[in-house]
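*Asks:* For the protein sequence lines, the chains are R and G, in the order given. Using my numbering, you'd call the opening residue of the first sequence number 2 and step up by one each time. Using my numbering, you'd call the opening residue of the second sequence number 2 and step up by one each time.
No lab work stands behind these hints, which were simulated from the structure alone. Among the hints, erroneous ones may be present.
Stated by the list, open to error - The list that follows gives simulated cross-link-like pairs (lysine-lysine, DSS-like), each with its CA atoms no further than 27 angstroms apart:
#, chain 1, residue 1, chain 2, residue 2
1, G, Lys221, R, Lys260
2, R, Lys261, R, Lys183
3, R, Lys190, R, Lys303
4, R, Lys41, R, Lys261
5, R, Lys354, R, Lys303
6, R, Lys261, R, Lys271
7, G, Lys354, G, Lys183
8, G, Lys260, G, Lys309
9, R, Lys261, G, Lys41
10, G, Lys190, G, Lys271
11, G, Lys221, G, Lys261
12, R, Lys221, G, Lys41
13, R, Lys309, R, Lys261
14, G, Lys309, G, Lys261
15, R, Lys298, R, Lys183
16, R, Lys298, R, Lys309
17, G, Lys118, G, Lys183
18, R, Lys41, G, Lys118
19, G, Lys309, R, Lys261
20, R, Lys221, G, Lys261
21, G, Lys41, R, Lys260
22, R, Lys260, R, Lys303
23, R, Lys41, G, Lys260
24, G, Lys118, R, Lys118
25, R, Lys261, R, Lys221
26, G, Lys298, G, Lys354
27, R, Lys118, R, Lys183
Stated by the list, open to error - Footprint (simulated), chain G over chain R, 3 or more residues, beta carbon under 8 angstroms:
#, region
28, 124-130
29, 151-158
30, 169-183
31, 369-381
Note that beta-carbon positions come from the ideal geometry of N, C-alpha and C, so glycine has one too.
Letter by letter, the chains look like this.
Protein chains: 2
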Amino acid sequence: MNVYIAGVATTPFGELWDVSPRSLANEVVDRAIRDAGIEKNDIEALFVGNMLSGMLGGQEHLGAFFSDALGMHVPAFKVEGACASGGLAAHMAIMSVLSGQYATVCVLGVEKMTDHKPEDVSAALAGAGSDEERMSGATFPALYALLARVHMHRFGTTQEQLASVAVKNHFHASMNPNAQFKNLLTIEKVIQSSMIADPLHLLDCSPISDGASAIIVTSKPSYGIHPIQVLASSVATDTLDIARRSSLDELRATRIAAKKAYNQAGISPKDIQVVEVHDCFTIAEILAMEDLGIYEKGNAAKAIEEGKTRLDGDFDCVVNSSGGLKGCGHPVGATGVKQLVEIVEQLRGSAGKRQVPNPRYGLTHNVGGSGATAVVHILCTNRQ
Amino acid sequence: MNVYIAGVATTPFGELWDVSPRSLANEVVDRAIRDAGIEKNDIEALFVGNMLSGMLGGQEHLGAFFSDALGMHVPAFKVEGACASGGLAAHMAIMSVLSGQYATVCVLGVEKMTDHKPEDVSAALAGAGSDEERMSGATFPALYALLARVHMHRFGTTQEQLASVAVKNHFHASMNPNAQFKNLLTIEKVIQSSMIADPLHLLDCSPISDGASAIIVTSKPSYGIHPIQVLASSVATDTLDIARRSSLDELRATRIAAKKAYNQAGISPKDIQVVEVHDCFTIAEILAMEDLGIYEKGNAAKAIEEGKTRLDGDFDCVVNSSGGLKGCGHPVGATGVKQLVEIVEQLRGSAGKRQVPNPRYGLTHNVGGSGATAVVHILCTNRQ
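Chain R with its partners taken away, still in its complex shape (with noise of 0.2 angstroms):
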């Protein structure tokens, strides 16, 4: 059986102060069914990524919650696996298509953070580490800035690559309407910006975002204008604290669950010309062209500032034209459905100013924690 995205949709990322999660996923949810040329009604099941609303706004069973706010009362299901919450959400609903339980179902990423204090969402989005971690005070930024140090020693790789993937990310967003931050950056800039773990500053790193995405995934060839097929979806985890890693330069998880989605879409790395990688930090990026397979091992930071990467560039492939996690924004539960919408609409060739010519596929790469879960998608378009 083949399964396909026929439709997508999402919501502008950034401080939406004025809106409700419900609004957020009335809209993107409408309009994902509106893209998919069906009604309401032939959604069979709903299934939710989302990390926060419990521990943040005391509502947990967001899937009837949600299904509800729908108005459609059909099965539903939160799933949650910290910021790769929205990518596992997807990695279920294409298992539930497949089992044939199901043959057309609603993945909806959403998250609202900006209305909580900074300390209370920094809290809870510890909760995605160890007990240990959160115990010594290693928040994600302090991981992230032990891999990159790792990473910077063994590879000599430089702040100002860091950096370069930032302002890669921020380029690509000034063309995305629904990026949180259009501006331009440049390299100076991101180095001068406040430190926030050493070596990584603040425009290193992902921002608290609120948005909402939402996909449809079915089993209809026939649905959409221009479905989008599901060539691979797989997940690995890895141990929740990277003290127990027995490498510190590489995402295990991302390694693992690449190649299981190389193998079941029988295609390599370097068929793919679109990518949406897990950004949430400028050295993440680096680490998931590796262990990807898109570059070999201590190379991909060097490409990346060669702008090897970017739309603009001489570009082996196109890294995050959405403006990644970086640019476009971090609602946590929505991160992974955005992904998957920035690909359906490259591979669809809808992706307006930001367009790659002409991809046949493209992958995402959903991260949580500090790279204890990640979710990998491979998608292709029957285009000629």
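Could you slot chain G onto chain R? The hints should help.
*Replies:* Frame of chain R; chain G shown alone:
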């Protein structure tokens, strides 16, 4: 493709002060794996049912957390749907096997509630309901009390009939070594216990509990000494709050999920010999027996009072042989998984003192909130 439950295990339920969620999980998963006669590395994915770890313990990302704690590092997912989290995790696991993505997976339901202040637990549990219910102080005992009042008014259901559910379930629990409450009750004792929300007394309510349960779901009929086939797994949702429902003498989500499950299984309610239902309050068991179609609407209370669902009675079918949520305990995320453990034990003929004679079909019924989510499974033994 057929799907089987090849291994099961549960910890005792109760106030488990001296163990962590990690050790509860290790114990049940190890035992379930051994029960299936397989090795840990035969498990290809982990589905965790849990509601409260984020709100009460600040720990999310439980898929990766437990796959790490169990030394598995397989694809791992947390599935949440309030008190139906365990049943939903099982549904996801079954779909994942039917999809062909995973051949053998583990479902872990786990909850640790008694370490926290009762008022914090109550506040967290209210996260299963609607904003409006929370804001008006309508706790779950209050909501189920309203449903009980409607049932009493419409069908003449009595306090004694409500109490007879608790009396039966404590009687069954007295034969279950894993049950939280093994003491026998009387109708008088239930009615004389403190009033919680009129007409529900303390002993009409299920307790706060700790515990964990696990099952091994597989497509391989050769696993386990006596694999039990999953004939149906279905989910339905309704409005989150009871105020907007068209009828208050039923849980519509149960009716929809049950109808779908009977269709999938190709059987009718009268074929079932043993049932685990979601008796979070005594009225909930009465509603469940009617909404599952085992008794006509308005007839269940009398049947229960007459011993028609009691192991030592002249039973039509035995209900909550484990003791149910009332007698065995209700560690939220574990409950839906424990129900499956109990039915598997019954269909294997290994339920000891509480064994129902030669059951062929068994059913589980798990509810989230005041009926916004319902999950129904139907299992079958091929034993002659």
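*Asks:* What are the numbers of the hints that this structure violates, sorted from low to high?
*Replies:* 2, 4, 10, 12, 15, 18, 19, 26, 29, 30
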